[in-house]
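Trainee: What follows is the residue order along each chain.
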Amino acid sequence: MKTFNPDAMGEKLLRRFAGGTSRRGILARLGLALVAAPAFPLLPVSRASAAKPDRSPEAKTTFARNAQSTDDTKCTYWRYCAIDGSLCSCCGGAVNRCPPGAEHSPVSWVGTCINPDDGRAYLIAYRDCCGKAYCNKCDCDGTDRETQLYVPQLNNDVIWCFGTTSMEYHCSTAVLVGTA
Amino acid sequence: MKTSAVLIAAAALLGALSLSTLRAAEPDNHSPDIPAAVRPMMQDPELAQSDFIEQCAGCHGVRGSTVPAHLPEIKDRVGWFMCTPESRAYLLRLPNVAHSRLTDNAQLADLMNYVVFVLGGKSAPAGTKPFTADEVTRERQFPLTSGSLAAERLRLANEAIRKCRAPASLRLQFPGSAQ
Chain A
1 MKTFNPDAMG EKLLRRFAGG TSRRGILARL GLALVAAPAF PLLPVSRASA AKPDRSPEAK
61 TTFARNAQST DDTKCTYWRY CAIDGSLCSC CGGAVNRCPP GAEHSPVSWV GTCINPDDGR
121 AYLIAYRDCC GKAYCNKCDC DGTDRETQLY VPQLNNDVIW CFGTTSMEYH CSTAVLVGTA
Chain B
1 MKTSAVLIAA AALLGALSLS TLRAAEPDNH SPDIPAAVRP MMQDPELAQS DFIEQCAGCH
61 GVRGSTVPAH LPEIKDRVGW FMCTPESRAY LLRLPNVAHS RLTDNAQLAD LMNYVVFVLG
121 GKSAPAGTKP FTADEVTRER QFPLTSGSLA AERLRLANEA IRKCRAPASL RLQFPGSAQ
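These protein sequence lines map, in sequence, to chains A and B. Counting in the numbering used here, the first sequence runs from 1 upward without gaps. Counting in the numbering used here, the second sequence runs from 1 upward without gaps.
Chain A with its partners taken away, still in its complex shape (with noise of 0.2 Å):
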């Protein structure tokens, strides 16, 4: 005779386990999982979505936080938070305005930036200055809500000179088209 018996052991374990389970009690708790389930989603939740945009300085961008209102030739203009490029402030135009000799871009992408003077969010058209050779001067890239470029709509690595007679790129303006 053994001393050691695994299979024997094993068996007296299974079928007292299953000597003191049943087996339509799975069935049971099963269906009764099914049947709850959809209940579930109909409890009053906290949705991210539903809540009111957090404009505290914590949940601000890094842009945001460091943005100033005073001088339109820096990358920190609080509405360069989505620019991608040269500065028209500093190639001769201004921050809505194209230089002598570009043309404006009637398309454009929409970004969101926050104004630090009252706090608001405004919607922002970084409409290209097209038609000139690149201006290289002052070149920023905010990143606020910009995404992959398969969402091209909504991002700022496209160059926007579609409707102009030249595509050539010459530099970004920053017009302010609406509130959030």
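Some clues are possibly wrong.
Computed footprint of chain A on chain B; a stretch qualifies when at least three of its residues, placed anywhere within it, have a C-beta under 8 Å from a C-beta of chain A [unchecked claim]: (1) 40-53; (2) 58-66; (3) 69-82.
Simulated DEER-style distance windows between Cβ atoms [as the list claims (entries may be wrong)]: (4) A:133 - B:47: 38 to 44 Å; (5) A:179 - B:168: 37 to 43 Å; (6) B:133 - A:167: 36 to 42 Å; (7) B:134 - A:18: 50 to 56 Å; (8) B:32 - A:59: 46 to 52 Å; (9) A:31 - B:133: 32 to 38 Å; (10) B:44 - A:38: 26 to 32 Å; (11) B:95 - A:179: 24 to 30 Å; (12) B:138 - A:71: 48 to 54 Å; (13) A:179 - B:176: 15 to 21 Å; (14) A:147 - B:36: 34 to 40 Å; (15) B:44 - A:26: 49 to 55 Å; (16) A:148 - B:176: 35 to 41 Å; (17) B:129 - A:100: 48 to 54 Å.
Since the hints were made in silico from the structure, they are not lab data. Cβ coordinates follow ideal geometry from the N, Cα and C atoms, glycine included.
Chain B: place on chain A using the hints.
Mentor: The following block gives chain B in isolation, referenced to the frame of chain A:
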């Protein structure tokens, strides 16, 4: 109580002033006024307007026109597509509408009513009913992702010209365009 009211009024005035001074120097950035007759067609007309600016105006322009960019012009003509139930559904099935980042269908209905009745001016046929959240919920399940959008647009434009007397230029992206 009184001081708080004065403070609120002052803050509102300051907000309005700062926005108007910011806007004073801006070229080509003015959204159209929302006519009083159109306001009841939207739950929140101001939100519809800022949603349009944020989601659509980059390409379509804040007033619905970015001529001469190669885009269908919205201003004063999109309403003709409310002519038949099919062309009405087309507006909601356009890929960037159906796949919009707006998940709330009532909010998307508001946006589209802003497009049709504010930017579209008087182009919607008389008696056109505004989009509802239920209609958006139903139609955005069938985005126009296969087949030619340009061909579908042309087919429905021809129908609007025949049935609702839309101008013949509706076939083009904008009056006078080559496409």
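Trainee: The structure should be examined with respect to each hint, and the outcome stated for every one.
Mentor: Status of the hints after comparison with the structure:
{"no.": "1", "hint": "40-53", "result": "holds (count 3)"}
{"no.": "2", "hint": "58-66", "result": "holds (count 5)"}
{"no.": "3", "hint": "69-82", "result": "holds (count 3)"}
{"no.": "4", "hint": "A:133 - B:47: 38 to 44 Å", "result": "holds (42 Å)"}
{"no.": "5", "hint": "A:179 - B:168: 37 to 43 Å", "result": "holds (39 Å)"}
{"no.": "6", "hint": "B:133 - A:167: 36 to 42 Å", "result": "holds (41 Å)"}
{"no.": "7", "hint": "B:134 - A:18: 50 to 56 Å", "result": "holds (54 Å)"}
{"no.": "8", "hint": "B:32 - A:59: 46 to 52 Å", "result": "violated (32 Å)"}
{"no.": "9", "hint": "A:31 - B:133: 32 to 38 Å", "result": "holds (35 Å)"}
{"no.": "10", "hint": "B:44 - A:38: 26 to 32 Å", "result": "holds (31 Å)"}
{"no.": "11", "hint": "B:95 - A:179: 24 to 30 Å", "result": "holds (28 Å)"}
{"no.": "12", "hint": "B:138 - A:71: 48 to 54 Å", "result": "holds (51 Å)"}
{"no.": "13", "hint": "A:179 - B:176: 15 to 21 Å", "result": "violated (34 Å)"}
{"no.": "14", "hint": "A:147 - B:36: 34 to 40 Å", "result": "holds (37 Å)"}
{"no.": "15", "hint": "B:44 - A:26: 49 to 55 Å", "result": "holds (50 Å)"}
{"no.": "16", "hint": "A:148 - B:176: 35 to 41 Å", "result": "holds (36 Å)"}
{"no.": "17", "hint": "B:129 - A:100: 48 to 54 Å", "result": "holds (50 Å)"}
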